[in-house]
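Enquirer: Sequence:
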Amino acid sequence: MNNLVRISEIPRLAIRLPFKAQTFYKWWHLKRHPQIFVKLGGALFVDLDRLEQLIDASRGSEASALCWKRKIKRTQTVEASEPIAPAAAAEEIQA
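If you count the sequence shown from 1, position 62 lands on 254 in my numbering, and the numbers rise without skipping.
What the hints contain is simulated information worked out from the structure, not anything from laboratory work.
Worth double-checking, as some hints may not be accurate.
[To be verified] Computed list of lysine to any residue pairs in SDA-like fashion (alpha-carbon distance at most 20 Å, straight line): (1) 223 <-> 233; (2) 218 <-> 200; (3) 218 <-> 243; (4) 223 <-> 211; (5) 231 <-> 246; (6) 223 <-> 235; (7) 231 <-> 213; (8) 223 <-> 236; (9) 212 <-> 250.
[Unchecked claim] Restraint ranges, calculated between C-beta atoms of paired labels, are given here: (10) 252 <-> 200: 23 to 33 Å; (11) 204 <-> 252: 31 to 41 Å; (12) 200 <-> 223: 13 to 23 Å; (13) 205 <-> 247: 17 to 27 Å; (14) 214 <-> 247: 23 to 33 Å; (15) 217 <-> 247: 24 to 34 Å; (16) 215 <-> 248: 13 to 23 Å; (17) 200 <-> 226: 17 to 27 Å; (18) 204 <-> 230: 30 to 40 Å; (19) 195 <-> 251: 16 to 26 Å; (20) 241 <-> 206: 29 to 39 Å.
Beta carbons: idealized from backbone N, C-alpha and C, even for Gly.
Whenever a hint applies, use it, and build me the whole structure from the sequences.
Expert: Structure representation (C-alpha cells):
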C-alpha cells in the first residue's frame, strides 16, 4: 500500500499507466475492481501494486483469452459480411 498514486495527478506524472485517469474514475463510480482504490481525505488514489496484480491475474486467465477469441471472431465476421462495392463486383465478373 506504499505505492499509491493520486488519480488527479496521473496526467502530470512521468509514470506510464495502461489506463487514463477517466477510466479509473469510471471504475470507482461503477465499483469495479474496488481492491485497487484508496480514498484518503477526499482524494482518490490507485494502489499500483494491486493494479499490477490485477493485470497479471487477468493475463493468465482463460476467460480473458476466450474474450479475445470472441472479439477476433466478431471482427472477421464483420469484414466478411461487408457488401462489395458495385465497381468491385463488376471487376470480379469481368475477370
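Enquirer: Looking back at the hints listed earlier, which ones does the structure fail to meet?
Expert: 14, 15, 18, 20
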